[in-house]
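Residues per chain, in single letters:
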Amino acid sequence: MKTFVEKHIVELLKAGDERAIGLLYDNYADALYGVAIKVTHDEELAQDVLQESFVKIWKNAHKYDADKARLFTWLFRVVQNTAIDKVRSRKRKMNKEVQTNDSNVYHLQSTSLAIEHMDIQEHANGLEDKYRVVIDALFFQGMTQQEASEELNIPLGTVKSRLKIGLRELRKLFGVLFFMISML
Amino acid sequence: MSDRVSQFLESDLLERYLMGTTSPIESQEAEHYIAKYPEVKQTYIELQENLENYATSYAVKVPEELRATIVNVARNKPKRALPILAITACMIAAFFGLVAIMIYKQNQELLDDRRFTSNLLENLNDDIVSNREMLQSVEEQFMILNNTSTQKYILQGNVRAQRLEAVAYVNELEQRSYIHVNTLPELPDEQVYQMWASVDGTLVPLDILKVTKDNLVEIPYEERMASINITIEPKGGSKEATQANEVATISFENN
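Protein sequences, first through last, are from chains A and V. Using the working numbering, the first residue of the first sequence is number 1, and each one after it goes up by one. Using the working numbering, the first residue of the second sequence is number 1, and each one after it goes up by one.
Derived by calculation from the structure, the hints in this document are not laboratory data. Check before you lean on any hint, since a few could be wrong.
Derived pair list, reagent style DSBU-like, types lysine-lysine, alpha-carbon separation capped at 35 Å [unchecked claim]: (1) V/235 x A/14; (2) V/235 x A/172; (3) A/7 x A/63; (4) V/36 x A/7; (5) A/172 x V/61; (6) A/130 x A/91; (7) A/164 x A/130; (8) V/210 x A/160; (9) A/130 x V/105; (10) A/130 x V/36; (11) A/93 x A/130; (12) A/86 x A/14.
Please read all numbers here as calculations on a predicted model, not as lab measurements.
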């Protein structure tokens, strides 16, 4: 379901109204920054990613098709692709492998997590690890299903089913949250 | 829920479409199902909400100082690259268009030059052929004139054409004869000087006589030619000589 803010931002973006940038930032920057950190594992690089992504978002606003994807889905893809490109570029530059997902590296994430998102994180934490690693590999590491299968050493069919079940589980978890919010 | 929809939802196409990792054909297929089947559309909406919630669960507070930088940088970038690209593309297209026109014009000029040069060459070739023929003719004349068996005859006009001066060269061995007409008294427009060869007592018509200046003119050689006679005849020449109008004669029998 699209929120009023989302609709308003899309209208401003389509009209080329600069107020859209501020609204986008205020409503999505934290989430997108989190995505950038998850992919890059580096705060400084993530800030570059965020800045570059906002430039791309503003320049390519006319390409956004609200009928094909929600605004966040589009923003997520822009940030994800920009971050993956940055990581690959840095990997080539430094000629050494970037460590794969290691949650211990991100102390920052737990300490500076945006307070307004803490409830959501609690619910996301309810997701079993076996589903979380698959979703993280696909959504945040930019891996294909085949690459995830090789990296996580699990069969391709299992990757597919865990992605599907994981997303379904998320639906259940967040469904409870939204139900609670709607009751308040 | 139809089997097709169930089958589609069981596949991972919708999830991959959400991640943006589908091929263009797969994207078309996913968009078709989303547009056509409400169940698929609903699932897609839920997947997007889940993605947003899951990603938001990892949200990290962006340092305060970054807001102004990012918002300003984004604002200062041209919103759409397309017009710049379009303008650049137009300029490049116009540039290549101009270059193409220039090349076309140059090509046309070169073709004209080539045509002109070709005509010139053709004319020069004709001249060469003509000069070669002339040279050959002069060489032949020279050979005949220098041949010891060539006889030279000087024609003098009688009272009717006192100023007539001509020299004839006859080579019986080669059976060639030439005449060089230096001067001819003027005649009325309706009359001409005509040459005749006396063969076996009969005057055989040869050519009309004209002033040849420095050139020799070959005249038809007749065997058993006893003399060359020149008469005044009506314009265009006659088939039979008007002997009363004879103005000069060269007799070969006396030589």
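Hints, one by one, checked against the model:
Under the criterion of a C-alpha separation no larger than 35 Å, the hint pairing residue 235 of chain V with residue 14 of chain A is inconsistent with the structure, at around 102 Å. Restraint check for residue 235 of chain V and residue 172 of chain A: the C-alpha separation of about 128 Å exceeds 35 Å, so the hint is violated. Simply put, residue 7 of chain A and residue 63 of chain A have alpha-carbon atoms about 16 Å apart, close enough for the 35 Å limit, and the pair holds. Under the criterion of a C-alpha separation no larger than 35 Å, the hint pairing residue 36 of chain V with residue 7 of chain A is consistent with the structure, at around 23 Å.
Under the criterion of a C-alpha separation no larger than 35 Å, the hint pairing residue 172 of chain A with residue 61 of chain V is consistent with the structure, at around 26 Å. With a C-alpha separation of about 27 Å, the suggested pairing of residue 130 of chain A with residue 91 of chain A holds against the 35 Å cut-off. A threshold of 35 Å between alpha carbons decides the hint, and for residue 164 of chain A with residue 130 of chain A the separation of about 12 Å falls inside it, so the pair holds. This hinted pair does not check out: residue 210 of chain V and residue 160 of chain A have alpha carbons roughly 114 Å apart, beyond 35 Å.
The hinted pair formed by residue 130 of chain A and residue 105 of chain V fails the criterion: a straight-line CA distance of about 72 Å is larger than 35 Å. At most 35 Å may separate the alpha-carbon atoms for a hinted pair to count; residue 130 of chain A and residue 36 of chain V meet this at roughly 34 Å. As the CA atoms of residue 93 of chain A and residue 130 of chain A are separated by approximately 33 Å, the hinted pair is consistent with the 35 Å bound. For the hint pairing residue 86 of chain A with residue 14 of chain A, the CA-to-CA distance comes to about 28 Å; that is within 35 Å, so the pair holds.
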